[in-house]
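A.B. asks: Those protein sequences? They're chains A and B, same order as listed. Position 98 (the first sequence) corresponds to 98 in this note's numbering; numbering is contiguous. Position 280 (the second sequence) corresponds to 280 in this note's numbering; numbering is contiguous.
The hints are simulated quantities; they were obtained by calculation from the structure and are not laboratory data. Just so you know, even glycine gets a beta-carbon here, dropped at the ideal spot from N, CA and C. Incorrect hints may appear among the rest.
[Unchecked claim] Between beta-carbon pairs, the in silico distance windows are:
id : chain 1 : residue 1 : chain 2 : residue 2 : range
1  : A       : Leu170    : B       : Gly236    : 29 to 35 angstroms
2  : A       : Gly43     : B       : Gln41     : 57 to 63 angstroms
3  : B       : Ser137    : A       : Val159    : 52 to 58 angstroms
4  : A       : Pro86     : B       : Trp277    : 33 to 39 angstroms
5  : B       : Arg31     : A       : Asn67     : 41 to 47 angstroms
6  : A       : Leu114    : B       : Tyr34     : 24 to 30 angstroms
7  : B       : Tyr34     : A       : Asn67     : 29 to 35 angstroms
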Amino acid sequence: MAKKSALWSYTIAGWSGFYVMLVELLSGRLIAPSFGSSIYVWGSVIFVFMLGLSIGYLLGGIYSKYNPSVLKLCGILVASALTTLPTVLFGTQLLDFFFNLITDPRFGSLTTCLGLFLIPTVFAGMISPYAIRIIVKNKESSGHDAGYLYFISTLGSSVGTLLTAFYLVLLFEINTIFLAGISISVILGGLGAIFNYDKE
Amino acid sequence: MRAIAGFFAFVLSLLTALPLAAQPKLLHQERSLYRNIFVTQDGDERCMLFRYPRPFGRESCKLLTQPQKFLFDYTQMMLSGLYLNASPKRVLVIGEGGGTIPTALQEMLPDAQIDLVELDKSVDTVARQYFDFKPGSKMRVFVEDGRVFVKRMVPQKPNYDMVLLDAFDADYIPEHMLTREFLQEVKSIMTPNGVIVANTFSDSALYDYESTTYTAVFGKFFNLRLANRIILGRAGGITPDDLANAKKNAAIVEAEFVKRGSGSNFLLPLLNPNVDWNPTARVLTDQYSPSNLLNALPRR
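This is chain A alone, in the form it adopts within the complex (with noise of 0.2 angstroms):
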């Protein structure tokens, strides 16, 4: 049974992975048309997205001392897919709210990526050093199941991304590929629970 819940956690690392690129690539796209696409936006979305998977790092690991479970795990995916729900339902006001609200468009820029994307991106931080607590079994292997952890979930970052920026926004809308992006995690989060559930 060890080998399922890792597998379950290792798939939901490598997809969580690929969902926080996505989300981050449409992001820098979503808030051009008011603030531009120069290099201080574009630092604006890099720093929020490292903010907040540093923060998700933290938090992940001291929630995986309290009863780790993959159906926990699960949670956390869903939360980070729910937490984007508000970008794609309300982005266009929100964006005119902040557009309204600040001139300048370092400090424009900065806060409407605060305020969209900080909290899904903590959630997906979390996911990273909540699967390792699932997956390790023993001191002796835990750096590699680490590594390993490490090598699916950024290899999933990786692949988001390409996808995203080659592919995806030459075939569809942006709150398509949201929305695209949200009902994958939430029926993958939702398979993991109920295939998981009776362990638990």
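Position chain B against the provided structure of chain A, taking the given hints into account.
C.D. replies: Just chain B now, kept in the frame of chain A:
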């Protein structure tokens, strides 16, 4: 043997051709926040390039002995905006380059209020330093993103009589400035009869998409096509009278155009109101704007 002799002849011809292909003198280069900028001098001709060596991406060129003369077809074509309104009172120009177009406009329209928006501070500095760009008292220069400028202007209702969009270069399109929403914002800061002139692309898959996008906002427009493609329209769409209007206005501005190496003989025949694109191409929006990807694809 013949192949070897042929090879040597080829090498020799390359060597002898080298002095002819010598690079123009580099006067200045700098790395701005957005690009590399080069200023070159080749005899009488001074150019601003975003890529060096030539011939890739000559942004702006002028002859030092004939500074008023337009060296590119597209700058001449952009001034055809004056064929739809020979005396605009408020003009917005997005994209500065070497300042050729704003300079010509302020010379030809001394009473007009001209707002010029340029994203890259370095382009503005180089234009002033090397291209003798001197904004007069009626011209305001804003260094910021064109879309952001327009969006901030919307509540002020500045009522521009003419808007010239020249923010794209061969290598990169600011994608947020080629969407239906952007053009709607531009339209909302124009007078109902205001003139829109846009320097766009001619020979990639993007052609169909940008055509339907401009049509979605501005309705029918004149399509001036050479190597570049200039869209010439009105906020409310061109009217059947506009070809006659263009002829009338062309006569008014002819002397000034001729001074710049242009004229109605060249420009009037280019005013084509016909649709030569796929009208079912998807309209570009803030949600869907892969302009650079489309510009890299061949036109079907």
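A.B. asks: If a hint holds in the structure, say so; if it does not, say that too.
C.D. replies: These are the hints, each one checked on the structure:
For the pair Leu170/A and Gly236/B, the beta carbons lie near 33 angstroms from each other, so the given range of 29 to 35 angstroms is met. In this structure, Gly43/A and Gln41/B break the distance hint of 57 to 63 angstroms, their C-beta atoms being roughly 36 angstroms apart. Our hint of 52 to 58 angstroms for Ser137/B and Val159/A holds, since their Cβ atoms are close to 56 angstroms apart. A C-beta distance of roughly 38 angstroms is found between Pro86/A and Trp277/B, which places it inside the suggested range of 33 to 39 angstroms.
For Arg31/B and Asn67/A, the hinted distance range of 41 to 47 angstroms is not satisfied, since their beta carbons lie about 55 angstroms from each other. Distance hint for Leu114/A and Tyr34/B: a CB-CB separation of about 25 angstroms, consistent with the stated range 24 to 30 angstroms. Tyr34/B and Asn67/A have their C-beta atoms about 52 angstroms apart, which leaves the hinted 29 to 35 angstroms range violated.
Violated hints for the displayed structure, listed by number in ascending order: 2, 5 and 7.
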